[in-house]
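Undergrad: Protein chains in written order, with numbering that gives the first Met the number 0: chain A, 0 to 267; chain B, 0 to 455.
Derived by calculation from the structure, the hints in this document are not laboratory data.
The beta-carbon is built from N, C-alpha and C at its ideal position, and this holds for glycine as well.
Warning: the hint list may mix true and false statements.
Said to hold, decoys possible - Below, a list of computed lysine to aspartate or glutamate pairs in the DMTMM-like style, where the Cα atoms sit at most 25 Å apart:
| # | chain 1 | residue 1 | chain 2 | residue 2 |
| --- | --- | --- | --- | --- |
| 1 | B | K64 | B | D75 |
| 2 | B | K26 | B | E4 |
| 3 | B | K129 | B | E198 |
| 4 | B | K26 | B | D11 |
| 5 | B | K129 | B | D345 |
| 6 | B | K64 | A | E74 |
| 7 | B | K64 | A | D165 |
| 8 | B | K26 | A | D165 |
| 9 | B | K26 | B | D359 |
| 10 | B | K26 | B | D12 |
| 11 | A | K2 | B | D30 |
| 12 | B | K129 | A | D63 |
| 13 | B | K350 | B | D363 |
| 14 | B | K350 | B | E426 |
| 15 | B | K129 | A | E139 |
| 16 | B | K129 | A | D140 |
| 17 | B | K129 | B | D351 |
| 18 | B | K129 | B | E38 |
| 19 | B | K129 | B | D359 |
| 20 | B | K64 | B | E92 |
| 21 | B | K129 | A | E74 |
| 22 | B | K350 | B | E238 |
| 23 | B | K64 | B | E198 |
| 24 | B | K64 | B | D351 |
| 25 | B | K129 | B | D363 |
| 26 | A | K2 | A | E59 |
| 27 | B | K26 | B | E38 |
| 28 | B | K26 | A | E66 |
| 29 | B | K129 | B | D12 |
| 30 | B | K26 | A | E59 |
| 31 | B | K64 | A | D140 |
| 32 | B | K350 | B | E38 |
| 33 | B | K26 | B | E92 |
| 34 | B | K129 | A | E64 |
| 35 | B | K26 | A | E64 |
| 36 | B | K26 | B | D284 |
As the list claims (entries may be wrong) - Label pairs and their calculated CB-CB ranges:
| # | chain 1 | residue 1 | chain 2 | residue 2 | range |
| --- | --- | --- | --- | --- | --- |
| 37 | B | G235 | A | A18 | 44 to 52 Å |
| 38 | B | L313 | A | P119 | 21 to 29 Å |
| 39 | B | F231 | A | A207 | 54 to 62 Å |
| 40 | B | V389 | A | M0 | 46 to 54 Å |
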Amino acid sequence: MSKQAVIAAALLLAILGSAVFIVAYATGGDHLYEGAGLAVAAAGLCAAALGWAFWIVPGEIVVDEIETYPSSPGERAVENQVVAHDVRAITRPRLLIALLGASVASFVAALAVPFRSLGPAPGSTLFHTRWRHGDALAREDGRVLHVDDLNVDSTLTIFPQSAIGDAQSAATLIRLPAGAAGTASGYVAYSRLCTHAGCPVALYRAAARQLLCPCHQSVFDVLADGAVLAGPADHALPRLPIEVGSDGVLRATGDFPEPVGPSFWERG
Amino acid sequence: MTLVERGLLWIDDRLGTAHFVRHALRKAFPDHWSFMLGEINLYAFIVLLGTGTFLAFFFDPNLSKIAYHGPYRLLDGAMLSQAFASTMRLSFEVNAGLLVRQIHHWTALLFVAGICVHMGRVFFTGAFRKPREINWVIGVLLLGVALFEGFCGYSLPDDLLSGTGLRIAISVLLSVPVAGTWLSFLLAGGAYPAAQLIERLFVVHVYLAPAAIASLIALHLAIVWRQKHAQFPGAGRTEHNVIGSPFVPNYAAKSIARFLAVIAVVTALGALAQINPVWLWGPYDPWIATSPAQPDWYLGWVEGALRMGPSFALHLWGHTVPSPFWPAVLLPCVVFAVLLVWPWIDAALRKDRRSHQLLDNPRDVPWRTALGVAIFVFALGLTLAGSDDVQARYLHLPVTAITQFYRFFCIVAPLVGFAIAYAVAAELRARGGVTPAPRVRLRRNAGGGFDEESLP
């Protein structure tokens with residue numbers, strides 16, 4: 000087969016590929032056939048371009064001299080003189096130059112100020128959540144939790160009944176075997192947000208009573224107030240104070256004692 | 000007179016371009032394969048602009064929720080953000096939408112990979128030396144913007160993986176001393192998760208960052224054009240010339256072929272290889288997590304650094320510098336600062352203030368080559384550590400043991416890599432390159448044995 004025939008075959012293949020794409024598009028759009036058609040079309044054109052480059056275009060070598068830089072010493076000297084002259088002429092009124100600097104700086108500052116509109120002041124937002132004394136613990140669908148609702152060693156994502164779906168308030172409720180020290184009838188609740196980078200601490204190792212963050216593998220001790228056992232988290236998982244009400248409903252006795260989620264400059 | 004000739008004359012009548020065009024057509028481009036890597040990125044960027052424009056017609060960055068009804072039955076009736084739902088629609092209901100979306104994602108991965116490989120070529124051959132420091136700096140900026148742009152795009156669909164990635168990014172921003180809290184509130188429009196965040200990332204992703212990348216690429220190419228391409232030493236090649244194929248037609252034909260090759264590869268990938276199936280991850284809720292979870296490959300090094308990072312917060316006068324600051328802010332800042340000033344560090348170490356048109360063979364500067372290898376091995380260790388949970392699953396080892404291994408690896412392996420690369424490069428330099436084995440032919444003789452005949 001001659002070289003031109005090879006190129007012709009590649010070009011015909013490209014036409015075929017485009018046709019496959021158009022037909023695939025027109026008959027409902029199976030992305031597999033569409034993509035295969037387009038890829039074949041591009042590959043055929045690519046092969047043809049290579050054929051042109053290596054077989055049809057005469058091989059040629061050219062030499063360019065580098066003479067564009069640096070400029071000749073004479074040009075550089077003249078440029079320096081002109082610049083020096085201009086700088087002297089422009090900067091003669093010294094006082095105005097200082098004032099110009101100050102006014103440009105204030106203009107830039109004025110232009111920067113509207114960026115303040117992008118968001119509210121942090122204030123104390125990160126220091127508290129929506130949990131209040133007496134808030135019932137509720138599931139994602141809003142149903143309130145009673146003392147018998149959870150099996151031992153299972154976990155559940157909970158919210159304050161008045162703030163379902165509030166990310167900052169989300170907590171993990173865990174039921175430990177009855178009689179576990181420091182629990183409310185076996186229940187403990189920890190902030191759902193990892194103290195490292197804010198991912199949900201969603202994995203529970205029931206056998207070891209550990210909470211594990213799937214993002215960077217920080218491990219927290221459920222039996223020791225959420226202390227960090229391993230991983231990059233730098234402080235314990237905040238624990239939500241809870242109690243079992245006389246009606247059997249699980250309730251918070253207050254907000255988390257410290258800010259939840261990742262740490263920040265003002266946290267102290 | 001052909002149409003092309005008449006067209007050129009028409010333009011010359013108005014702009015006087017004959018002199019420029021004559022020289023431009025015959026501009027010399029050296030043909031070494033490693034000089035083509037940058038072109039792959041240019042063409043990948045063009046593919047990204049094309050596919051991205053198509054996607055932008057269908058994507059809606061709104062975070063308000065609607066009930067989804069569509070061909071993907073498993074999510075029928077689910078309350079999804081408009082961002083997620085429009086991603087579902089353009090994947091399942093827009094003809095060619097899924098193809099274009101997958102091509103876009105694959106091309107983005109290729110774009111960043113191409114930048115890294117191109118940068119490696121420039122580093123190992125000393126192409127960043129005077130007079131090309133400006134283009135090195137522009138290249139480093141391009142890498143930074145490309146990483147940022149990629150992450151913004153990855154975050155748009157509001158799926159479980161990307162939402163988790165954004166959560167981490169905002170936490171990293173929070174960890175910046177003094178200004179972090181304010182920065183994160185201004186960027187996101189409030190405490191995370193904030194309703195405006197995806198809309199803002201959308202503006203950055205489709206407008207600001209592409210404009211920055213396009214401008215930097217234009218500047219990058221204009222400087223290459225002005226300075227002319229560097230070349231490896233060889234017959235006739237000096238510090239004051241460049242020898243290669245003429246731009247038109249030889250080089251242009253090959254370059255067009257490379258453009259088409261990039262299109263063919265990413266289209267085949269987009270058709271055949273599924274990428275980021277957001278319907279499998281599901282919509283994002285801040286209290287739901289998925290495991291294992293990895294970012295796109297180019298942020299694996301930051302992810303790995305976060306996983307291996309010290310469990311250490313600095314407490315200063317009633318203020319906190321949290322633990323993510325060290326691996327995810329300080330480390331990348333140091334990396335990019337060193338990259339930006341690298342041409343001047345290199346020049347100072349070599350006490351070299353001359354201009355260079357001839358490139359280094361990597362073996363001729365063993366310490367630089369060894370340093371490049373060490374940095375590569377370090378980045379590799381960080382990236383591998385970013386998937387320690389996956390490795391734990393397959394190796395049946397505790398994930399903490401694997402993290403510990405990579406901490407060790409990231410300290411020791413770069414040193415070992417440095418030593419080996421230095422020894423190999425120094426040996427090759429001493430030998431003046433690899434001598435090809437003598438060519439011989441074996442001929443059977445009458446006695447049944449073999450005689451060796453040497454060939455020219």
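Undergrad: Against each hint, give a clear statement of whether it holds in the structure.
TA: Now the hints, each set against the structure:
no.: 1; hint: B:K64 x B:D75; in the structure: 14 Å, holds
no.: 2; hint: B:K26 x B:E4; in the structure: 19 Å, holds
no.: 3; hint: B:K129 x B:E198; in the structure: 42 Å, violated
no.: 4; hint: B:K26 x B:D11; in the structure: 19 Å, holds
no.: 5; hint: B:K129 x B:D345; in the structure: 10 Å, holds
no.: 6; hint: B:K64 x A:E74; in the structure: 66 Å, violated
no.: 7; hint: B:K64 x A:D165; in the structure: 15 Å, holds
no.: 8; hint: B:K26 x A:D165; in the structure: 63 Å, violated
no.: 9; hint: B:K26 x B:D359; in the structure: 23 Å, holds
no.: 10; hint: B:K26 x B:D12; in the structure: 23 Å, holds
no.: 11; hint: A:K2 x B:D30; in the structure: 23 Å, holds
no.: 12; hint: B:K129 x A:D63; in the structure: 19 Å, holds
no.: 13; hint: B:K350 x B:D363; in the structure: 16 Å, holds
no.: 14; hint: B:K350 x B:E426; in the structure: 23 Å, holds
no.: 15; hint: B:K129 x A:E139; in the structure: 62 Å, violated
no.: 16; hint: B:K129 x A:D140; in the structure: 65 Å, violated
no.: 17; hint: B:K129 x B:D351; in the structure: 9 Å, holds
no.: 18; hint: B:K129 x B:E38; in the structure: 22 Å, holds
no.: 19; hint: B:K129 x B:D359; in the structure: 13 Å, holds
no.: 20; hint: B:K64 x B:E92; in the structure: 19 Å, holds
no.: 21; hint: B:K129 x A:E74; in the structure: 21 Å, holds
no.: 22; hint: B:K350 x B:E238; in the structure: 18 Å, holds
no.: 23; hint: B:K64 x B:E198; in the structure: 14 Å, holds
no.: 24; hint: B:K64 x B:D351; in the structure: 61 Å, violated
no.: 25; hint: B:K129 x B:D363; in the structure: 18 Å, holds
no.: 26; hint: A:K2 x A:E59; in the structure: 19 Å, holds
no.: 27; hint: B:K26 x B:E38; in the structure: 17 Å, holds
no.: 28; hint: B:K26 x A:E66; in the structure: 13 Å, holds
no.: 29; hint: B:K129 x B:D12; in the structure: 39 Å, violated
no.: 30; hint: B:K26 x A:E59; in the structure: 12 Å, holds
no.: 31; hint: B:K64 x A:D140; in the structure: 16 Å, holds
no.: 32; hint: B:K350 x B:E38; in the structure: 32 Å, violated
no.: 33; hint: B:K26 x B:E92; in the structure: 48 Å, violated
no.: 34; hint: B:K129 x A:E64; in the structure: 17 Å, holds
no.: 35; hint: B:K26 x A:E64; in the structure: 10 Å, holds
no.: 36; hint: B:K26 x B:D284; in the structure: 56 Å, violated
no.: 37; hint: B:G235 x A:A18: 44 to 52 Å; in the structure: 48 Å, holds
no.: 38; hint: B:L313 x A:P119: 21 to 29 Å; in the structure: 27 Å, holds
no.: 39; hint: B:F231 x A:A207: 54 to 62 Å; in the structure: 59 Å, holds
no.: 40; hint: B:V389 x A:M0: 46 to 54 Å; in the structure: 49 Å, holds
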